[in-house]
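S.K.: Residues per chain, in single letters:
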Amino acid sequence: ERKRFYQNVSISQGEGGFEINLDHRKLKTPQAKLFTVPSEALAIAVATEWDSQKDTIKFYTMHLTTLCNTALDNPTQRNKMQLIRAAVKFLETDTVCYRVEEPPALAELQKNEWDPVVAWAEKRYNVTVGSSTSILGPNIPASTKETFISHLASYNMWALQGIEFVITQLKSLILSMGLIDRHITVEKAVLLSRLEEEYQIRRWGNVEWAHDYDLCELRARTAAGTLFVHLCSESSTVKHKLLQD
Amino acid sequence: MAALGAPLRTLRALLRELRYAAGRSYRDSPAYRHVVAAFRAHRVTSEKLCRAQQELHFQAATYLCLLRSVREHAALHREYHGRGERSPQEVAGLVGFRLPQQPGGKG
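Chains as they are written, first to last, in the working numbering: chain A, 11 to 255; chain B, 3 to 109.
If you are wondering where the hints come from, they were derived from the structure by calculation, not from laboratory data.
Check each hint, because a few of them may be wrong.
Claimed, not checked - Which bits of chain A does chain B cover? Going by a derived footprint, with three or more residues having C-beta under 8 Å, they are:
id : region
1  : 67-79
2  : 187-200
3  : 233-239
Note that beta-carbon positions come from the ideal geometry of N, C-alpha and C, so glycine has one too.
Chain A extracted, bound-state conformation (with noise of 0.2 Å):
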């Protein structure tokens, strides 16, 4: 574990975008390439985390510092398609179409949460999607899938690597769109991800050091990756109105 070792963490702006200065030095990523980001509110929430870190830097709670590093240097080296068919796949095994029959109260729980953001999903999209009971789960016609592809490209490859990050953690494609669209907050989509999970621990007890653990940091990384996206995507206007008499 790495000491802190500056003293003051500011922003400053350069050619490709906001650069992050530890005391005089510049930040680098992993791979040694310039730290730049596109956007300013970004920039300050990662100079937050890096000024947040007490005695040592604890790199696992810095996940806006992460998912910008992985933007930068994009480690799997993948291309905008390659990202966003691995997303789209996932709709094929997407948590909240895959259904239990059994215990009745828990397929009860699953209608109840589930339900109403597959049809949010199906709406929006204008797609089917459906649910399943069946082990190979749910099964999604190449028009829905096609739908999510042309809508996804129309996200620039930084928004890309977080909605990827999002999916991979939810596991879930229609909840990340949630997310993305603002139809849900982070807790709730959260929680429908771990619906399951919730559901155990309601029955058996819950434990600290594990399920809130696991929840914390879910949430942590959800969060992060949401506002990756939309600081990433987004473009803000000041429009004045001029003030009536």
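We have chain A already, so just place chain B on it with the hints.
M.R.: What follows is chain B alone, placed relative to chain A:
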């Protein structure tokens, strides 16, 4: 639209998290200034359903969730997973033994 509650509540909770993260000088931090400025800029609007305002509120709520979860996760880690293994001396001490002293070193 996600069920978010009052923006003021989110703002206050977010500023509280920034205070926990930064310490004394949190009001000078870029994050604090940015958040306060963003909320001020989006406050004045004549529309009932201002999309930009809702987008900002959602972003703020997401960032709040991030800061809060990271802090809680770190606290849980310290509490349950941070201690590491006991040294041989401590293990021996658990049952009341002491490790033998060997002036010439082992074997």
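S.K.: A separate judgement is required for each hint: does it hold in the structure or not?
M.R.: Consistency of the hints with the structure:
Check on the region 67-79 of chain A: 4 of its residues sit with their Cβ under 8 Å from a Cβ of chain B, so the three-residue criterion for coverage holds. Using a Cβ-Cβ cut-off of 8 Å, 7 residues of the region 187-200 of chain A lie near chain B, which meets the minimum of three, so the contact claim holds. As drawn, the region 233-239 of chain A meets chain B at 4 residues by the rule of a beta-carbon pair under 8 Å; at three or more, the given contact holds.
Of the hints listed earlier, there is not a single one the structure fails to meet.
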